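Colleague: In case you want the letters, here they are:
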Amino acid sequence: MSKVLMKGNEAIAEAAIRAGCLNYFAYPITPQSEVAEYLSWRMSEVDGVFLQGESEVAVGYMIFGAAGAGVRVFTTSSSPGISLMSEAISYLCGAQLPAVFVNIMRGGPGLGGILPSQADYFQATKGIGHGDCRLLVMAPASVQEVVEMVMTAFPLAEKYRNPVMILGDGLIGQMMEPVEFPDHLKSEPTNKDAWASNGIDFRKGSKRNLVRSLFLDPEKLNDNNLELRAKYERMKREEVRFEAYNTQGEYSVLIVSYGTMSRVCKTAIETLKAEGIEVGLIRPQTLFPYPEIAVREAARKSSCRAVLCIEMSMGQMVEDVERCVQGARPVQWYGKCGGDVPTPEEIIDLVKRTLSPM
Amino acid sequence: MAAALHLNGILIIVGNYGSGKTEVAVNLAVDQQAKGRQVRLADLDLVNLYFRTREARHALSALGIEVILPPEGWLQADLPILVPQVAGLIRRPGELAILDVGGDGVGARVLAALGEAFQNAPETAQVFQVVNPFRPNTDTVARCLAMRAVIESASRLKVTGWVGNAHLMDETTADHIRQGHDLMLALADASGLPLACMAVADGLMHTPVVDTMACPVLTIRRQMVPPWRRPVVLSGEDTILQ
Numbered sequence: 045m046s047k048v049l050m051k052g053n054e055a056i057a058e059a060a061i062r063a064g065c066l067n068y069f070a071y072p073i074t075p076q077s078e079v080a081e082y083l084s085w086r087m088s089e090v091d092g093v094f095l096q097g098e099s100e101v102a103v104g105y106m107i108f109g110a111a112g113a114g115v116r117v118f119t120t121s122s123s124p125g126i127s128l129m130s131e132a133i134s135y136l137c138g139a140q141l142p143a144v145f146v147n148i149m150r151g152g153p154g155l156g157g158i159l160p161s162q163a164d165y166f167q168a169t170k171g172i173g174h175g176d177c178r179l180l181v182m183a184p185a186s187v188q189e190v191v192e193m194v195m196t197a198f199p200l201a202e203k204y205r206n207p208v209m210i211l212g213d214g215l216i217g218q219m220m221e222p223v224e225f226p227d228h229l230k231s232e233p234t235n236k237d238a239w240a241s242n243g244i245d246f247r248k249g250s251k252r253n254l255v256r257s258l259f260l261d262p263e264k265l266n267d268n269n270l271e272l273r274a275k276y277e278r279m280k281r282e283e284v285r286f287e288a289y290n291t292q293g294e295y296s297v298l299i300v301s302y303g304t305m306s307r308v309c310k311t312a313i314e315t316l317k318a319e320g321i322e323v324g325l326i327r328p329q330t331l332f333p334y335p336e337i338a339v340r341e342a343a344r345k346s347s348c349r350a351v352l353c354i355e356m357s358m359g360q361m362v363e364d365v366e367r368c369v370q371g372a373r374p375v376q377w378y379g380k381c382g383g384d385v386p387t388p389e390e391i392i393d394l395v396k397r398t399l400s401p402m
Numbered sequence: 575m576a577a578a579l580h581l582n583g584i585l586i587i588v589g590n591y592g593s594g595k596t597e598v599a600v601n602l603a604v605d606q607q608a609k610g611r612q613v614r615l616a617d618l619d620l621v622n623l624y625f626r627t628r629e630a631r632h633a634l635s636a637l638g639i640e641v642i643l644p645p646e647g648w649l650q651a652d653l654p655i656l657v658p659q660v661a662g663l664i665r666r667p668g669e670l671a672i673l674d675v676g677g678d679g680v681g682a683r684v685l686a687a688l689g690e691a692f693q694n695a696p697e698t699a700q701v702f703q704v705v706n707p708f709r710p711n712t713d714t715v716a717r718c719l720a721m722r723a724v725i726e727s728a729s730r731l732k733v734t735g736w737v738g739n740a741h742l743m744d745e746t747t748a749d750h751i752r753q754g755h756d757l758m759l760a761l762a763d764a765s766g767l768p769l770a771c772m773a774v775a776d777g778l779m780h781t782p783v784v785d786t787m788a789c790p791v792l793t794i795r796r797q798m799v800p801p802w803r804r805p806v807v808l809s810g811e812d813t814i815l816q
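Chain order of the listed sequences is A and B. Using the working numbering, the letters of the first sequence correspond one by one to residues 45 to 402. Using the working numbering, the letters of the second sequence correspond one by one to residues 575 to 816.
Treat the hints as calculated values from the structure; they're not laboratory data. Everything numeric in this text was worked out from a predicted model, so none of it was measured. Glycine residues also receive a C-beta, built at the ideal position from the N, C-alpha and C atoms. A hint or two may mislead.
Claimed, not checked - Residues on chain A that point at chain B, a partial pick, calculated with CB under 8 Å: (1) P72; (2) P75; (3) V93; (4) L95; (5) Q218; (6) E221; (7) V308; (8) G383.
All chains should be built: construct the whole structure from the sequences, respecting the hints.
Modeller: Here you go:
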């Protein structure tokens with residue numbers, strides 16, 4: 045297929061179909077409603093199912109039901125909507141069911157605003173729901189990358205029998221870029237016999253799948269949590285993804301930034317390069333698991349004097365950056381979270397101020 | 575087919591989501607202003623939230639183009655706001671009033687609400703439908719005509735001309751423009767409506783394919799850019815070739 049010009053939200057919708065996901069339940073919220081709008085007509089073309097739930101709480105459990113039946117299923121929402129789904133996400137983790145959630149973040153807390161934000165980092169990576177649950181979280185920086193991530197998300201969710209989240213800011217949903225789609229994948233999870241509770245056929249066999257997250261026996265609950273923990277540790281070994289930009293040579297400052305914010309940083313890095321100031325960038329593509337080693341090693345490069353974490357929040361990912369740098373270099377946060385995105389000029393100024401007193 | 579573009583009174587810019595209506599409206603306004611006409615531009619996009627005419631309001635005001643918008647405090651409101659000045663603009667459009675409308679039928683529906691103002695307008699509005707053949711819903715003549723029917727039904731107005739806006743952002747090549755031009759000629763033929771102009775990014779204006787076009791060509795100086803890009807400086811130079 046040749047390239048087309050698509051809005052991020054439209055591309056997310058089309059990518060899910062091409063990933064073989066024919067079940068979509070959602071409730072509209074700005075700035076991701078175009079996903080539902082697109083799928084409201086597109087799903088019927090591919091004999092798929094689109095149902096608008098009566099709320100995000102309902103949608104969360106529609107996802108639970110479909111995942112439990114062994115079909116590919118996904119939803120999209122924005123910050124407040126994801127909060128409403130968080131109970132169901134915890135249940136999905138507990139019952140070890142695969143599903144894909146897309147959060148096109150808007151400003152918060154509360155109703156916040158409708159412009160881009162990255163303020164759901166903590167929620168996605170550390171506090172998505174009650175109990176010891178984690179999501180595999182991917183953060184796209186372009187429309188093409190969100191397509192690739194959505195298509196990767198389904199097999200990954202099935203590999204780990206765990207929900208996967210695509211965490212994009214409002215710009216990822218709203219901006220338009222040229223995009224091309226890879227081929228269709230299979231439409232059914234290949235390993236679904238391990239969990240799917242899909243009807244009477246299983247009564248004939250010896251094995252019966254039971255979808256549950258309730259374990260009243262303390263040993264069994266502990267066992268389930270150990271199983272989950274082992275999966276999260278495996279994600280840390282096998283699924284870390286990041287982009288290193290301008291880190292081959294020497295640089296005096298390292299920026300850590302993700303999503304569209306990192307593209308503003310790249311513009312600043314190119315401008316600074318022309319002025320003779322070298323700045324490296326690590327862009328995490330997975331936020332959980334976090335590229336710990338990459339950030340640590342990049343920060344410890346002998347030429348690097350300081351680390352800047354730039355994000356559209358009041359300082360969330362910076363805690364992971366500090367954890368990785370382990371005090372080897374000063375770590376500073378810079379960000380905004382009202383909808384205005386920090387500009388290349390602000391970042392250039394920040395880098396120069398960071399270097400000047402030293 | 576029109577060899578030159580004659581714009582008077584009310585010009586309404588419609589099209590599907592992401593066809594480039596706002597870039598066309600803004601750059602047309604600048605072109606016409608530079609030709610010595612008094613131009614006013616109304617942002618009627620009530621359905622989209624990002625990348626609207628309002629983002630170019632300061633650059634347009636600096637050129638003396640009046641932009642009609644909701645009050646500053648409500649520019650980012652997540653609800654449709656139609657200011658009463660728009661009806662006044664339609665009744666008294668002056669030399670040229672350009673209305674930049676939201677996408678698809680949903681975005682064009684606001685025009686039906688202004689039906690009474692249109693009935694009392696001094697002259698019939700020109701309605702241009704912008705088409706980018708590299709958008710998923712308008713890649714064939716049939717789909718463009720279907721989109722026209724949806725927009726006409728929702729707006730209760732008739733499309734009077736086409737604007738071809740064939741591009742893939744930074745990845746646009748002369749070949750894309752040629753393909754787009756061919757589709758627009760076929761669309762003009764099938765619909766019996768003129769191809770009012772082709773829109774071409776400033777960086778591609780000097781590619782040979784532009785000289786072969788049988789219609790006026792509007793230079794697009796891109797304004798709706800993500801935060802890591804700067805908008806191109808607006809100017810009325812070298813825009814509509816006649």
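Colleague: State for each hint whether it applies.
Modeller: Right, here's what the structure says about each hint:
1. P72: Result: violated, 11 Å to nearest chain B Cβ.
2. P75: Cβ of P75 (chain A) sits 6 Å from chain B, so the hint holds.
3. V93: Nearest chain B Cβ about 21 Å off; hint violated.
4. L95: Violated, about 21 Å.
5. Q218: holds (4 Å)
6. E221: holds (6 Å)
7. V308: Cβ of V308 (chain A) sits 4 Å from chain B, so the hint holds.
8. G383: holds (7 Å)
Checked against the numbered hints above, the structure violates hints 1, 3, 4; every other hint is satisfied.
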